[in-house]
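Protein sequence lines, in the order shown, are assigned to chains A, B and C. Here the first sequence is numbered in our numbering, starting from -10 and rising by one per residue. Here the second sequence is numbered in our numbering, starting from 24 and rising by one per residue. Here the third sequence is numbered in our numbering, starting from 127 and rising by one per residue.
Please keep in mind that the hints were generated in silico from the structure rather than gathered at the bench. Ideal placement from N, C-alpha and C gives every residue a C-beta, glycine not left out. There may be inaccurate statements among the hints.
Pairwise CB distance ranges (calculated) [unchecked claim]: (1) HIS152(A) / ILE279(B): 34 to 42 Å; (2) PRO230(C) / VAL133(B): 32 to 40 Å; (3) LYS199(C) / PHE263(A): 34 to 42 Å.
Partial pick of chain A residues on the chain B-facing surface, computed with a CB cut under 7 Å [to be verified]: (4) LEU60; (5) LEU79; (6) ARG80; (7) LYS84; (8) TYR292.
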Amino acid sequence: MENKTEFIKIQDIQKFYPYKDGKIFHKRGEERKFVKAVDGVSLTIERGEILGVIGESGCGKSTLGRILVRLEAPTSGDVFLDGVSTERILRQDPKQFRRNVQIIFQNPFDTFTPRDTIQKILLRPLKHHNIGRDTAERVEMCKTALEAGGLRPAEDILSRYPHELSGGQLQRISIIRSMFLKPGFIIADEPVSMLDVSVRAEIINMLIDLARNQNAAVVFISHDIALTRYISDRIAVMYLGRIVEYGTADEVIQNPQHPYTRALISNCASIDPFEEREELSIGGEPPTPVNPGPGCYFAPRCYMATEACFKSYPQRRDLSGCHYAVCSRIEK
Amino acid sequence: MKKLWNKIWNTLRSDGQLCFGVVGILVLLFVVVAAPVLTSHDPYFYGPDSLAAPGVNGHLLGTNHMGQDVLSMLLYGVRTSLMVAVVSSLISGVLGVLIGGLGGYFGGKVDLVVSEIINIFLMIPTFFLIMLIISLFGSNIKNVMIVIGITTWSSNAKLMRAQALSLRERTFVKSAIALGETRVQVLFKYILPNGIFPVIANTTRGMAGAILTEASLSFLGLGDPNIISWGQMIYQGKEYITSSWWVSTFSGVAIIITVIIFYMLGDGLNHVINPKYSQGGKK
Amino acid sequence: MGAILTVKDLNVTYINKTRRVMAVRRASFSIDKGDSLGIVGESGSGKSTLAMALLRLHPKSTEITGEALFDGKDLLSISEAEMNELRWMKLAVVFQKAMNALSPVHRISTQIEDIYRVHCPSASGEEIQERAMELLKLVNLPPRVYRLYPHEMSGGMLQRVAIAISLLHHPQLLIFDEATTALDVVTQGQILREILEMEKTLETTRIMITHDMSVVATTCNKVAVMYAGELMEFGMVKDVLTRPRHPYTQGLQDSFPSLKGENPKLLSIPGFLPDLSKDIPGCVFAPRCAHATERCRREKPPMTKTSEAGQAACWLCVGDENGK
């Protein structure tokens, strides 16, 4: 099945932070401990596709997002944009990389510098990337974009300071600002988790438009499973820095195979009061990713674990289509 | 524009210390400008009445041992004090903001070096360093100001470094980087403007310190002899303190008042700027 | 079954130097003994203010009018001493952040003993421990938790401890103020299930304050929907969620994605909250409502009966009733 345009190729990304145990000197031969925030993630994303990444806090999904936009450098691994290594683009033309890859942050109240007006904030990237001929034209562009994003009256919004606007408005402005650069790859890191329910939809629909109309690849990072299912074409489930299940949104949600995914979905509250639910409970909470293993990372909490699960990390099991899960208990 | 004035007026009304400081500074500035009009005597003129008591021969606050009018000296002395305060604090502020900002923002090895330098400067007994330099390079007022500036920047740097450290984790800084702005742009457009206010408040309080340092140097005889300064007046008056108290006393009072004004201003600014009291954009 | 709490015309106004913010206006509802009520609303809806006012934990410069009859007493007018007697003993609350409610330098055991002894000064250590063990078991925690410090536990465990503590004195009314909001999906799901489970054995009445409609859908019997300080709709969860009468409830539902069912396009409610320091003559939701008429902007709609247990504050429903 994997023959389509591989627009984004994430190849074996790892991010380890040295574990601070308070010791300055280590015995020779002593194994250094690492917090393995992201532990070998490989994914491909097509143009116009939205990939949802779900998992509990601490599973490394946000770290992955920051690595994809290169706010942090990975310990190893690389991301290819249209076949070109980001390492190389960054070395040769960092500006081009920034133009091509954009991020929408979780906290819209902190995304803009509090001391500038929205106009000043929106003009900066335009000027920096030489979009538009002069200030007058750029201001015009801002107005058009704001109006199109439902922020009216645009002139009034432009003259405001960030703290005078609501979270929903700020998040829309944040997306508009990213859209100016016409990025091909957008990471949305929990973009609506701080917003009220009634204004979430417009942000979500804006992101969907972005993927469909601008043909951009979107990574949607969230802990909200229902929302991720709504927005995503494919979903990747992460646990302790690794992907445990991947597939089309419907397959992963309707027919979850990995025990962790199943537990996640069965614990997700639904607004349908009549919905039948499978009651799966998993013990404890995710441990910190300090040298996990050698077996399956989920095994200590898994309700299906056998002795074999604790011995070695399971192989990936390919199911129908692109759907796969990393668990040794799945029957082929 | 009217909105801005309203805002300033409301802020002043809400904080008594700031209000006191601002009014005080305005009065001092008025004296700086209007000193020639306010005084009846030339402070540099060695008159015939030496050590005249207050009120004698039109000398409202008396004269010193050289026959100079004390009131005129006091009023002209404001110029010296303000100049020392502003210039040395400017030097200390700019140095502190740049060095602290660099360290905090870039982090890693840069920060390690910067914070060690800050620590060393905080440990040095500043006053003796100042005395040493003055005695080596001569005691003109320029040297005094520069020396005060470069020995007091470390507390500003410490503040700015802490600000930069927390600011660089804020989303808007990350977002600027993601939009392709360079490190230098981020430092000057986001870190410094957002982190500078506590440093301004600190610098204002530092002005009070600078005035005191200059006065102390003058009192020890290390001041610029060609300039009228309150510290020097105390120094000159101390020999006659038992018989002619007014020479030292009035200049001492002037120093106290000025220092209090600057301190109030700095404290008031700190209240107003402190995020705990103001409603910033943060939620 | 009689009502355990009846709130009538509750108004809560925050007063500061320059403004009066009417955070809750003319809220009236009641909850039966043994029932569970979810109060949902977005930020600024006044749901937490309402709870704080009922518990009398509001800031000093707050003006409260109306009445809240609990167990025959008006919570809003009884003395501070009487209120202290009621808190923990008869009504207990669990907040969003348990770690802030527990002291970091004392063991859980010490804290539980302290709280227990506030109301039963003569209780012995063994007696308290016995009760605590019982409760820890109820919230699915191992007994060793009793000897731990708060920092040795995860967020989910702390939240469970907070629930256990709230149950110490067999309260009749439990208020959960966003108690599971800060937790992960799995932990939240587990705690919600445990709450339902323990209610099978305990006779408590529960009020669940949350912004998350799905929490109410899974754990409550009745729901009150609040917007801008006013009650919009009230009724059985099943009725309200399957057939919302108020346009605001409808809007909220349209902006919630479903987990497994169909996947219709999400809609958001245009506009934003009105300024609560100003007097609003008509319906507070009218400026954002697609069905708003001239009348909605002019006159406040009364709470109108829509079904056996359901009420909604909307002129559309008034029309319904007349039409019948």
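Okay, the hints, checked on the actual structure:
no., hint, in the structure
1, HIS152(A) / ILE279(B): 34 to 42 Å, "holds, 41 Å"
2, PRO230(C) / VAL133(B): 32 to 40 Å, "holds, 35 Å"
3, LYS199(C) / PHE263(A): 34 to 42 Å, "holds, 38 Å"
4, LEU60, "holds, 6 Å"
5, LEU79, "violated, 11 Å"
6, ARG80, "violated, 15 Å"
7, LYS84, "holds, 5 Å"
8, TYR292, "violated, 38 Å"
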